Amino acid sequence: MPDGFSRRGRGRPSASLIAGAAIVGVLLATVALAHVLAPYPFDQFHIHDRFSPPSLKYLAGTDEYGRDVFSRVLIGSQLSMTLGLVSTIICMGLGVPIGLLCGSVRGLADELVMRLLDLLMAFPPILLVLLILVVTPPGLLKTSVAIGILFIAPVARLARSLTLDLMNAGFTEAARARGEYLWYLLLCEFLPNMWPTLLVEASLRLVFAVLMGAVLSFLSFGVQPPASDWGLMISGGRAFVDNAPWIALAPGIAMAITVIGISLLGDGLRDRLHPQFSGKG
Amino acid sequence: MTRAYLARRLLGIAVTLAAMSCLVFLATHALPANTAALILGPYATPATQAAMEHRLGLDQPLLSQYLSWAGGLLRGDLGQSAVMQRPVKPILAAALENSAVLAAAAMVLVTVAGITLGTVGAVWRGRWPDHAVAIFAYSGLAVPEFYWGLILILVFCSRLHLLPSSGAGSAAQGLVSVAAHLVLPVLTLAFSFLAHVSRIVRSSMLDVLVRPFIMAARGRGLPEYRVILRHALPNALIPAVTVLAQDFGNMIGGVVAVETIFAYPGIGRLLVYALERLDLPVMQACILVITAIFCAANLAADLITAALDPRIRLGAAHA
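Listed in order, the protein sequences are those of chains A and B.
The numbering of the first sequence is the working numbering, which starts it at 1 and goes up by one.
The numbering of the second sequence is the working numbering, which starts it at 1001 and goes up by one.
Please keep in mind that the hints were generated in silico from the structure rather than gathered at the bench.
Small disclaimer: the values here were computed from a predicted structure and weren't measured.
There could be a bad hint or two in this list.
Residues from chain B shown here face chain A by an in silico Cβ test under 8 Å; the list is partial [unchecked claim]: (1) 1019; (2) 1023; (3) 1144; (4) 1253; (5) 1256; (6) 1261; (7) 1275; (8) 1294.
Take a look, some chain A residues computed to stay more than 12 Å from chain B by CB distance [unchecked claim]: (9) 21; (10) 142; (11) 168; (12) 198; (13) 202.
Glycine is no exception: its CB is placed at the ideal position from the N, C-alpha and C atoms.
Chain A with its partners taken away, still in its complex shape (with noise of 0.2 Å):
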C-alpha cells in the first residue's frame, strides 16, 4: 500500500488508482452484460454433465443439478453489487445529512440523536441484521435495506465530526458574517469539502456490504435459493468440496476480485484527493 510520501499531488495517477478503476470498469460492464456474455442461463440444468470439471464447454465447470458455475457467477455479480450499491446509497444518503444537520445545529436534537446512535452501535452488527431478516422474509431487497440502515450510524458520525472541523474554518465565519442560510453553508460549502473523504466512505462501505451480505446468505438468512448469489454458490458448493472445489471456489475468487477492485479504487482516490490522508493505512 502507498505510504503517501511519493505520490503527492496532481502528477501521473497511482498504480492502485489506475488497476483499481480497471478492474471496476470491468466489474461494471460485467454486471451490465452478464445475461450476454453469460454462456447458459443460470438456472439452466444439464442433467447428463453434473459436477462436470471446468473445460471449453463449461469454463468453470457445472454444479450439483449440471448448471454452468461460470454463468452463475457472472449473474451473481448482479446480485452481489444491487446489494451493495443499495445499502451504500441508503446508509450515505441517509447517514449524510443526519451528519451535517447534527454537527451544524448541535445542542438537544444533535446530543439525541448521537445517544441513538450509539445505542445502535452497542449492538454487535451481525445480530440486529439477523434479528430483522429472520423476522421478516428474507430477500435480495430486504438484506439490502437491513444493511444500509446498519451503516447509517458509522455513516452519521464520520459526517458529523467532518462538519465539527469545517465549523471552525474561515469560510464559514465568513459565510455567517454574509447572513448565508443554514442550507447554503452545508450544500454549497461543507458538501465540496467533505465529498472526497465521503467517497472513500462510501467505497468501504460497499465492501462492507458485499461481504455481509454473502455471510448473511450463506448463513442461509439472506438471498434465497435458486438465485445465483455468491454467498449461497459457496455455501451449497460446500458439501461438493471434496470432489467439485470449483462450484465453491469459483464464487469466492470473484468476490475477491470485486472486493480488492473496490478497495483499490478507494485507496487510489484517497491519495489523489486528499493526499493528507494517505499513510495512516
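Based on the hints, put chain B in the right spot on chain A.
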C-alpha cells in the same frame, strides 16, 4: 473521575441490554410461529394449542409476558429450549465455553502474528518484505472468513487428510484431538483480523522509528535488533492493544460464520441453529449473551487504552 466514568459506562451497558431484550422480545413476537405451535408440531388441534399456550403463559398480555421473561433472566433463569426440551442454561454454558476457547486461541495468534508482521513491514518499509506482508494480510480481508475456512478444509482435510474438518474434540479423546479440531477454525478466525492489527502496528512503528530517542539509541551504538525490539516496539504497541481489544468484540460476527463452516459447537452455531428452527428461548438467550460480551469487550478496550496511556482522558470521546 474514573469511578464516575465507569458507573456511566456500566449504566450505558445496562440500557443497551434492556433495549436489546425489548427488541428481541418484540421481534420474536412478530414471528408468525409461536413456541406452543413449535413444541406441538403440525398436527396440533386448536384445543391442545390453546392448552399449551396457557401453560407457557402465551395467552397473557404482552407486557406481563415480557416482565416475567425479563424477571427470569435477572434471576439467571434463561427458560427452556422449545426444540431440545432442555433448560437453555447448560446448553448455552457449554457452547460459550467452546467459543471462548476458540476466540482466546485466535486472539493469541492474531496478537503474535500481527505484531510480528507489522514490525517486519515497518522495518523493511517499501521493500519486498513490506509488500509481502501487506498482500498476505489484506488477502484475509478480500473474502469473508468462511471462504478461507473452505479453502483450508479443501487443502488440509480433503487433499492432505491432516486435520478433522468439523466438530470439536472432547476431553475424553484427549488433548491432541481437541487441539486438532481447533487448528483450522482458529487459523480462519485469526486470518480475518490479521490485516487490521498488522497495519496498525506497522504505522505506529513508523511513527516511533523517527522519534529522537530512537536516534539517540542508535547513536549510542546499540545493535539495530535491540533498538527495534527493546526501544521502538514497546512504544508502538499502545495503539495495537486498543485495536486488539476492539477486535475481540468484532470477532463475534466472524465466530458465527467460522463455527458454522467448521460445525464447531460454539455459541455462534447455537445461534444459527436456534434461528433456523425458530427456537425462541435459545435465540433470545444467545442474542442477549452475545450483546453483553460485545459491550464488555468494548468497555475493556476503552479501559485498557486509558490505563496504557494516561494522556487519554476517559470520557473525552463522549464530549
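Against the structure, the hints:
1. 1019: holds (6 Å)
2. 1023: holds (7 Å)
3. 1144: holds (5 Å)
4. 1253: holds (4 Å)
5. 1256: holds (6 Å)
6. 1261: Because about 7 Å separates residue 1261 of chain B from the closest Cβ in chain A, which is inside the 8 Å limit, the hint holds.
7. 1275: Given a least distance of 5 Å, the restraint on residue 1275 of chain B holds.
8. 1294: holds (4 Å)
9. 21: At roughly 18 Å from the nearest Cβ of chain B, residue 21 of chain A sits farther out than 12 Å, so the non-interface label holds.
10. 142: At roughly 14 Å from the nearest Cβ of chain B, residue 142 of chain A sits farther out than 12 Å, so the non-interface label holds.
11. 168: holds (15 Å)
12. 198: holds (21 Å)
13. 202: For residue 202 of chain A, whose nearest Cβ neighbour in chain B is about 17 Å away, the distance exceeds 12 Å, so it holds.
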